[in-house]
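Asks: Those protein sequences? They're chains X and A, same order as listed. Residue numbers are given in this note's numbering: position 119 of the first sequence equals residue 119, and the series is strictly consecutive. Residue numbers are given in this note's numbering: position 283 of the second sequence equals residue 283, and the series is strictly consecutive.
Rather than coming from a laboratory, the hints here were simulated on the basis of the structure. Computed from a prediction, not measured in an experiment: that's the story for all the values here. Just so you know, not all the hints are guaranteed correct.
The calculated lysine to aspartate or glutamate pairs, modelled on EDC-like cross-linking and capped at a C-alpha distance of 20 Å, are [said to hold, decoys possible]: (1) Lys-65/X / Glu-129/X; (2) Lys-415/X / Glu-314/A; (3) Lys-185/X / Glu-164/X; (4) Lys-274/X / Asp-331/X; (5) Lys-182/X / Glu-129/X; (6) Lys-230/A / Glu-342/X; (7) Lys-215/X / Asp-363/X; (8) Lys-332/A / Asp-8/X; (9) Lys-337/A / Glu-342/X; (10) Lys-185/X / Glu-173/X; (11) Lys-65/X / Glu-158/X.
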Amino acid sequence: MPLLEMRDICKSFSGVYANENVSFSADKGEIHALLGENGAGKTTLMNILFGLYQADSGEILWKGKPAEFASPREAIEAGIGMVQQHFSLVRNLTVLDNMILNYSGNRFFLDRKKERQKLLTLSERYGLEVHPDARIADLSVGERQRVEILKTLYREIELLILDEPTGVLTPQETSQFFRMLKDLKNEGYAIIIITHRMSEILEISDRVTVLRDGKKVAEHLTAETNADQLAHDMIGRDLHGLTYTEFGEKEGAPAAGESADKRDENRQPVLELKAITRRAGKHTHALRDISLCVHAGEILGVAGVEGNGQKELAEVITGLKQATSGELLLDGKEIGHASVRERYESGISYISDDRQSDSLIPDMNISDNLMLRDYASPPYADGLLIRRGAVKENAKDKMKEFEVRASGTQGAETKVRLLSGGNQQKLIIARELSDRSRLVVAAQPTRGLDIGATEFVRERLVRKKESGGAVLLISADLEEIFAISDRVAVLYDGRIMDILDRNELDIRRIGLLMGGVTKESV
Amino acid sequence: MNKNRFFSILVPFISVLLAFLVGCIIMAALGANPATALGALWKGAFGNTRNVGTTLSRATPLIFTSLCACFAYRCGVFNLGGEGQFLIGSVVCCYIATQSGIVGLPAIILCILCGGIAGGFWAAIPGLLKIYRGQNEMIISIMLNYVATLFMGVIYTNWLREGSVPQTMSVPDESKLSRLFGLRCTSAFVIAVVIGILVYYFLFYTSMGFQLRAVGLNMTASQFNGFAVKRYILFSFIISGVIAGVGGSAELLGTQFRLINGFGAGYGFDGVAMALIAQLHPLAAILVAIFFAALRVGSTTMQAATGVPTSVSEIIQALVIVFTVAGLAMVKLPEFKAALERIFSAGKEA
Numbered sequence: 001m002p003l004l005e006m007r008d009i010c011k012s013f014s015g016v017y018a019n020e021n022v023s024f025s026a027d028k029g030e031i032h033a034l035l036g037e038n039g040a041g042k043t044t045l046m047n048i049l050f051g052l053y054q055a056d057s058g059e060i061l062w063k064g065k066p067a068e069f070a071s072p073r074e075a076i077e078a079g080i081g082m083v084q085q086h087f088s089l090v091r092n093l094t095v096l097d098n099m100i101l102n103y104s105g106n107r108f109f110l111d112r113k114k115e116r117q118k119l120l121t122l123s124e125r126y127g128l129e130v131h132p133d134a135r136i137a138d139l140s141v142g143e144r145q146r147v148e149i150l151k152t153l154y155r156e157i158e159l160l161i162l163d164e165p166t167g168v169l170t171p172q173e174t175s176q177f178f179r180m181l182k183d184l185k186n187e188g189y190a191i192i193i194i195t196h197r198m199s200e201i202l203e204i205s206d207r208v209t210v211l212r213d214g215k216k217v218a219e220h221l222t223a224e225t226n227a228d229q230l231a232h233d234m235i236g237r238d239l240h241g242l243t244y245t246e247f248g249e250k251e252g253a254p255a256a257g258e259s260a261d262k263r264d265e266n267r268q269p270v271l272e273l274k275a276i277t278r279r280a281g282k283h284t285h286a287l288r289d290i291s292l293c294v295h296a297g298e299i300l301g302v303a304g305v306e307g308n309g310q311k312e313l314a315e316v317i318t319g320l321k322q323a324t325s326g327e328l329l330l331d332g333k334e335i336g337h338a339s340v341r342e343r344y345e346s347g348i349s350y351i352s353d354d355r356q357s358d359s360l361i362p363d364m365n366i367s368d369n370l371m372l373r374d375y376a377s378p379p380y381a382d383g384l385l386i387r388r389g390a391v392k393e394n395a396k397d398k399m400k401e402f403e404v405r406a407s408g409t410q411g412a413e414t415k416v417r418l419l420s421g422g423n424q425q426k427l428i429i430a431r432e433l434s435d436r437s438r439l440v441v442a443a444q445p446t447r448g449l450d451i452g453a454t455e456f457v458r459e460r461l462v463r464k465k466e467s468g469g470a471v472l473l474i475s476a477d478l479e480e481i482f483a484i485s486d487r488v489a490v491l492y493d494g495r496i497m498d499i500l501d502r503n504e505l506d507i508r509r510i511g512l513l514m515g516g517v518t519k520e521s522v
Numbered sequence: 001m002n003k004n005r006f007f008s009i010l011v012p013f014i015s016v017l018l019a020f021l022v023g024c025i026i027m028a029a030l031g032a033n034p035a036t037a038l039g040a041l042w043k044g045a046f047g048n049t050r051n052v053g054t055t056l057s058r059a060t061p062l063i064f065t066s067l068c069a070c071f072a073y074r075c076g077v078f079n080l081g082g083e084g085q086f087l088i089g090s091v092v093c094c095y096i097a098t099q100s101g102i103v104g105l106p107a108i109i110l111c112i113l114c115g116g117i118a119g120g121f122w123a124a125i126p127g128l129l130k131i132y133r134g135q136n137e138m139i140i141s142i143m144l145n146y147v148a149t150l151f152m153g154v155i156y157t158n159w160l161r162e163g164s165v166p167q168t169m170s171v172p173d174e175s176k177l178s179r180l181f182g183l184r185c186t187s188a189f190v191i192a193v194v195i196g197i198l199v200y201y202f203l204f205y206t207s208m209g210f211q212l213r214a215v216g217l218n219m220t221a222s223q224f225n226g227f228a229v230k231r232y233i234l235f236s237f238i239i240s241g242v243i244a245g246v247g248g249s250a251e252l253l254g255t256q257f258r259l260i261n262g263f264g265a266g267y268g269f270d271g272v273a274m275a276l277i278a279q280l281h282p283l284a285a286i287l288v289a290i291f292f293a294a295l296r297v298g299s300t301t302m303q304a305a306t307g308v309p310t311s312v313s314e315i316i317q318a319l320v321i322v323f324t325v326a327g328l329a330m331v332k333l334p335e336f337k338a339a340l341e342r343i344f345s346a347g348k349e350a
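If we strip away everything but chain A, and leave its shape as in the complex, we get (with noise of 0.2 Å):
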């Protein structure tokens, strides 16, 4: 195998390991055995059926605003507004389960629609001033997250609120989505995973693909080629916008059934940071998000079994995040390749 392939691929492994040594240190330092601690963390993640669809459950908003953040990040536009657009996805989705009237299968494909075409304009915006005004994508899209989190807060404080809580009325149950096999994850998981197939399908099998990949690669280049680059700027940025529409519209008909406070926070910079470790692969970023789901899943079991805080899990994520960022930019390091290099020829000669 390709050396560079077989690095990208090995350092978030090891970066994992290495996240869990110093998680099991601190674990230590509390006093608890980090075994048992580890134990209890992967049974509450992966113990029993019901466990693990709680933990594909959790999985689901991040695997879509990880799909997100990959998508335009394989432009070579960085959307940080994944967060926003799914709310705006939900929020519209949330108008529409509950004051159309329409309920059952056709409320879901509606609600669907509706939530990612919202989030697909709610991406269009920085797109345009990016293409036609050269704006910072990045500052825009973040901006826009706290619009549309703000945006939110007004639906559940005023228009669609019931009663004396700041929430809003739930989703009719025949408009809820289904559990599949009576777990607490729902079709809006399979939803996920078809969308993360298309996306890799679509990067690296079509010509539309191979194009917007080239536009990521090297904007001259593509320029110089004539490919429409600008308009796969805006493409790449609506149609990751729509990926995370679809997840808001998802998770409110799937879990929350009603947007109250914190519904959907930091899920935007979560996708991000998976999407980095899974090096803008589709199919690892379903994985990714598994594995992060699992550890904010299995940390409550683990805190209620050993007494270590769930914080000790956040810790261990982070650190994944870090070792990642940090073992692949090593990895490029010119001196890391000759050192290398000294290893390899000195395995040879021996």
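If we strip away everything but chain X, and leave its shape as in the complex, we get (with noise of 0.2 Å):
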């Protein structure tokens, strides 16, 4: 009998299925790996599990017996804890105080030598070093890991789930949070790390369950699979032949055979980055030596799992962030000091992520977020006044033109809020693919989108490079890389690990390069 299985684990969200029939199982003693792409139903599975979630059909098990979560407390009562991705850890309190707050045991008295003591026979049973009197705020993120670490494990829990452990880990943290892992393993803890790292898996996991779509593509024992199989079942579609037959149909171009080489000769490199490397910061991760070009006429799909660099990459280019070294030149020209003003009127523009916060003002009407990039040149404004008129006339052009559609009577003047999100994400397109526009850094620009809006700003995408502009596509979604990438680069852990051409294009690859794999350490 299994410690905790799930039966047909069912989850939808507005209709969509975020978990359809999954079933799943942990033993003790045992480390079993969670494996999928971003939004593959992994974080949620376990926050059912977990009690943040409840299951809208389907069954767990808890030591045999039917168990419900109905919130995490009941899950830690039950003897199962979670670490996050993000922490929830009280910055200004103590590490002692952080265990004590989750405390339970004793509601009424707070035996503060006897915690302590608690605390520190835990820590050094299981090598997770930190000072009982540290406070939060002082501690490396490392330091931080070991301590949600121990205050599930202070709960006297029996499976132990962690969210995308190592994603803040350096490379010397991670083997030592691995020896920690084995450790507890050895002591009859039931571990369940869901990570998208493929080395990771092979060399800590015994059991590896792949989600894809919600749904559950594959269990392998780990001694029994390898990276190439665990890639494949990860990605699943064979993209490359669909998408690539239909590419060719629609664009008329590339001629099948034709070298990367030899097409780039006829292309005017737009944007070029030469060894751009940046340093982690608190909250970003690092780019290292980021070469890469642009040309007019071109989409460089850029694919990779977020967290390994993507948006530091687009900030980079759009100035939002300034690289530590390297060289970033827009049409042969350096710009690595120019300000995001001068870069854009030089011919970068920018779809972020996060259009809300990002690139809109929600607040404010739809004419005047259209005229948030030019708000002070012609024919919006004459230097100091702005010219209403020309304004209102160009926000009902645009929204004709780019099928922006306000519910309500109040058209233009709809505050951009009320929109839904493609219509949110359509105005943005209207506003940064304008002529003036050589080169558009597009990060996840689908991103919750639905079909119809979705199809819209990919074919706007295409025109813009069919008249010349250059594009660089930023996405984790895979499909939309294959769809209109001319060429993709593969980013991990804030590296390019390859750039393949069109005619390249390997599924199997490219997923072994998404998990940090290059051909040459298979």
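Once you've looked at the hints, go ahead and assemble the two chains, each given alone in its own frame, into the complex.
Replies: Given below as structure tokens:
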């Protein structure tokens, strides 16, 4: 009898399945890895187990008995602990205080001495060294994670769930972390680890379950599988053949067999990155020695699991963040020190992945948001004063051209807050894909959009490219990358693993690269 | 009209009605006839041109401080130091008016200009600390209020003290602001209204004002668009301080003529409350300031005529603020919107 069994779990959010008939189990003294792309349903499944969500159907057996956890508290009391991807520690309290905060033993009296001893015993036993009186704010990320794990162990759990635990760790911290996991496993804990890193799975886990689009697609014993197979399971669909022909028909180019080099000769490089490097910050990922080139009339896709430097790459190009070193050229001119505004004026436009917070001002109306970039220049303004008429005129034209639909009767005066996600994105496209833009940096441009809006956005990007613009398409959606990119760069851990031409696109290879496995190391 | 807009205008009016309703209950409990009392209140505030003049004169400093609050809030920063900036403006103004020897119109222009600059300087301190050191602008600006109040104390008890009473000498008669139509209210009121209109025009009709509001509504997006966010924050702080400083100067030259204990006390926070009731609209702020001034001026007449103490008027003022803030929060609640929808759809079917 397994310690935990989840049977046919279904969970949908507004009609879309996040989990569909997923079955899963975990045993004592075992590390079970849960693998999948972004949005495959890994975290949802674990959140159901931990009582954060309730399943629509299916059942959970805990120690052989049916169980249902209405809240994390119930899950913890039953013996299930979870360390979320984003830590939940009180920064201004000490380590010990954070432990006690979770305390549910004796509600009235607090024996700090005893608790302190308990903490010290635990941390010694598992080699999780932290000072009980250190303030969380003063600890490194690796140490904070140790505190998080201690916090769960403190509650005398039997099953430990870790959501992307190594995302924030340095390689040294990671190997130390793995040693600790093995210790815990030998102690008889059951461990579930959610990750997208292939090498880690192969190194640490005993069993792997792969989820894709909310469904369980495979379960392997780690000893009997390899990176190649896991990559195939994770990405699944054979997109390659399908989209290639589709693309060929649609665009009529490039002719099959024509080499990448030959085409590049005829094309003007628009954006060039030479050895761009950026140190990791508190909340940012590092970029390591990134060199790439986007040509006129080309869409360069950047594939990769999110959190591997995508956002930082986009922001270094658009000027929101500075590179630590390296060169950034637009049309052959160095722009590494230009401001956001100057870069926009020389032709870089940006479709951010967080449209509500980065690209729009939700409390302003459509016409104001459309002139956000060019608020001070004709036709919207004469020097100091805004020309309301021209602004309205522009809004009307753009809304028509880009099919922005505002419900209600106010048209261009509608606050952007009230628009649907698709219409908001169309608005951004309408603003950013103006004639002056030479390079479009599009980060997750179709995230959260319905099929119609998605098609619209992709079509506009392709049209931009056809009219001689350059597009850098950063997307976690491989299907999207395959559908419209001419070349594909794979980003992993802040590094470009490889840049593949359209002809050489191979789903397995991309999957391996995304998991941090190069050809040589397989 | 837009539903949200409609409610944002309706709520303050309903709040005023509710506040008066509570006020009436209190009056009745005190044994006065609410109708008579309110009548006296109205007469005291607007009964004749003389009273109107007094009301407008009382409203003038409030208009300045509420415009001061409006301006900074529009850029998303909270300037709670309107009072300090107001006082520093009046201190500098007083110094120049009494010590420079210049009199008449040149003195007035110079005094008001320097008062404005002083207010701007006082506001620049929290602004600079915010953008360069990330300090909380609310705390710093509040603290500077005390510094300004105590500094003014030094002025009227020591430096510019006149005679045995702790107060400064008076501004020369030639440098006083002229009265409008012989009423209590002076050209300071005109200056306040003009500044209000300028602020409105700047915020809504210039590209700089557009950027400033954009920064206030979404700082991240403004950064992504390459706006000089920090510069705008500092700018809005300084201009906000200039408005308060001009207000302090105008109050000194128009109404008080000398600095004494209690000069300008409470105007800063009154301004903040009025700006919030006006929902940061500069023109609405002028009206709200006049309304509050009327309550204050009228209450004296009310007390004299009906024996209802002026504190009842203060209760009403406080309730207007409480009801408006609560009301504006309420109409944003999803539950309220849902209930509204039900009522509207039921109305349509019927």
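Asks: For each hint, tell me whether it holds in the structure or not.
Replies: For each hint, the structure was consulted:
no.: 1; hint: Lys-65/X / Glu-129/X; result: violated (36 Å)
no.: 2; hint: Lys-415/X / Glu-314/A; result: violated (38 Å)
no.: 3; hint: Lys-185/X / Glu-164/X; result: holds (18 Å)
no.: 4; hint: Lys-274/X / Asp-331/X; result: holds (13 Å)
no.: 5; hint: Lys-182/X / Glu-129/X; result: holds (16 Å)
no.: 6; hint: Lys-230/A / Glu-342/X; result: holds (17 Å)
no.: 7; hint: Lys-215/X / Asp-363/X; result: violated (39 Å)
no.: 8; hint: Lys-332/A / Asp-8/X; result: violated (41 Å)
no.: 9; hint: Lys-337/A / Glu-342/X; result: violated (43 Å)
no.: 10; hint: Lys-185/X / Glu-173/X; result: holds (18 Å)
no.: 11; hint: Lys-65/X / Glu-158/X; result: holds (15 Å)
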